[in-house]
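2 protein chains.
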Amino acid sequence: MNFRIDGLQYANWGEKIFREMRAGGMDAVHVTIAYHENFRETVANIEAWNLLFEKHSNLIIHGKTAADVDLAKQTNRTTIFFGFQNPSPIEDDIGLVEIVHTLGARFMQLTYNNQSLLATGCYEAEDAGITRMGREVIREMNRVGLVVDMSHSAERSTLEAAEISERPIVVTHANPYSWHPALRNKSDAVLRALAESGGMLGFSMYPHHLAGSTDCSLESFCEMIARTADLMGVDHIGLGSDLCQDQPDSVVEWMRVGRWTKQIDYGEGSASAPGFPDMPEWFGGNADFPNIEAGLRQIGFDETDVNKVMGNNWYRFFEENFKPSK
Amino acid sequence: MNFRIDGLQYANWGEKIFREMRAGGMDAVHVTIAYHENFRETVANIEAWNLLFEKHSNLIIHGKTAADVDLAKQTNRTTIFFGFQNPSPIEDDIGLVEIVHTLGARFMQLTYNNQSLLATGCYEAEDAGITRMGREVIREMNRVGLVVDMSHSAERSTLEAAEISERPIVVTHANPYSWHPALRNKSDAVLRALAESGGMLGFSMYPHHLAGSTDCSLESFCEMIARTADLMGVDHIGLGSDLCQDQPDSVVEWMRVGRWTKQIDYGEGSASAPGFPDMPEWFGGNADFPNIEAGLRQIGFDETDVNKVMGNNWYRFFEENFKPSK
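Note that the protein sequences, when read in sequence, are chains A and B. According to our numbering, the residues represented by the first sequence are 61 to 386, in order. According to our numbering, the residues represented by the second sequence are 61 to 386, in order.
Note: identical chains are not told apart, hence a pair may lie in one copy or across any two.
Mimicking DSBU-like on lysine-lysine, the simulated pairs with C-alpha atoms at most 30 Å apart in a straight line are:
| # | residue 1 | residue 2 |
| --- | --- | --- |
| 1 | Lys-115 | Lys-133 |
| 2 | Lys-124 | Lys-76 |
| 3 | Lys-386 | Lys-133 |
| 4 | Lys-76 | Lys-386 |
The hints are simulated quantities; they were obtained by calculation from the structure and are not laboratory data. This structure is a prediction, so every number in the text was calculated from the model and none was measured.
Same shape as in the complex, but just chain A (with noise of 0.2 Å):
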């Protein structure tokens, strides 16, 4: 059986959204449900997803386990898993990390762009390595299944926490920096201390992460995923567009700003582009995942590596990372 599974999205919600996750064959999507909310607003969007799960039965299903995956396929629907891109949501209370994987985490950041609790983010000066704290964390989300995800950390914490985790870490969305030098964008160091912890790297299709921004073509896309499956091994990668479908520029300043400034942070864009980038061509939303995998055949992937790369890889990993540690 092959799975086609996206590591990363955050799009805005609804049945348009997952039809069109129908369309493109989507088995699952990990969906981001947190980046500057604390446990009780995180709840508040659990309860929301809760309502979009019983109103919309027919096409998603909440995912748990890799096992519901196949409960989707069977039955024509998308998985749904819930992530954090910021440990905000467990607040500063390590008890926090198994009440959320209870209520369906199944992925946290240990930092969004900047300083955390636990790690540094990949926009500050000074990256300190993982904290005290952070430690502890990383232990306690080995022990549930809780998947650390290292997407906006910074080298040095990225590092540390593929060496203190004793559980596989992920990048579940970002490409290689040698491809495209963006901060968010990850060294070879970094990829290859995630395949050696048994980790997975999500392909971004986000602009701001893509050589030529939206005007990368598929195929340069698809000739850095070569190169990356040649540097990783081509069973810790797969896919992590960090679509965010249909979300108006409200949406990318949240993102960025929360309510750590009170002045506006650009990120990835700039005074001049504050928004969302266009997207490119060969990729504006979740009918699209086809041309993905067209394009890596058309470069020369054989069908099994095709598979592996467009979910095969992310089912694997789930099955073995997201239920608690004997």
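Got chain A sorted already, so can you dock chain B onto it with the hints?
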């Protein structure tokens, strides 16, 4: 297979009591985890329980379904099911009903002693019945599999809850008013409504609910059970000890006063006897459940009915009522 189950306790949890539960042969206990706590405070209480589950995994397991009771029995442990004696954990937010069920709550009282957002408590002068939000919350509790418990509710509210609820409702801990006319004990009309709903009454060993209080004899208690079996049917009764083992008197003050008054409210106690009353000599704690079993045999219950009252009825109730409706 026969089960020994207690329908309500609020003890000073820890290794000592968990070992007594094993000594008493308890396969499952419904424990109160909130009296007046709001959502975040209730989560903190669950976090404290999670530490107990981790630390004492040889003695207790966290129960979600009846199958966990089977597992506990096979492995010589006691299953702990969570419940609330007040709807304060869901605040004014119906979405929290599913959230608390996901976190393990299986019983929720619509009121403690006072008026709540949902219904009227047994100490209020006027009982206006189930509120607008109450009707909605009962429907949602039915949907997710959170049992409506009317132990501390007033008469009209209780009868209306039985009518509105599409799944059985319970009184986890009280006795018949006809045996001992305490405000917390239940009229024959309420007892019949419980049975007609397919629900349960759990007999309380809390002295304020016993004829003769601390001096109540085991024989009188067991005769009361026999008469209630005649009224409700022997399939609708079980135990609900209301045991507050090893708790300091500060705990009964929190139970009664919470944050709703600046005065002392003595509840079922009085100014001259403000603390926990002494337990009857035949039931001092978790190790004494075999005394009840012997008492039931003594007054003539046959083996099948002894086992129904001691736990098999609760087990069947758990099987049918802890999962989402279809």
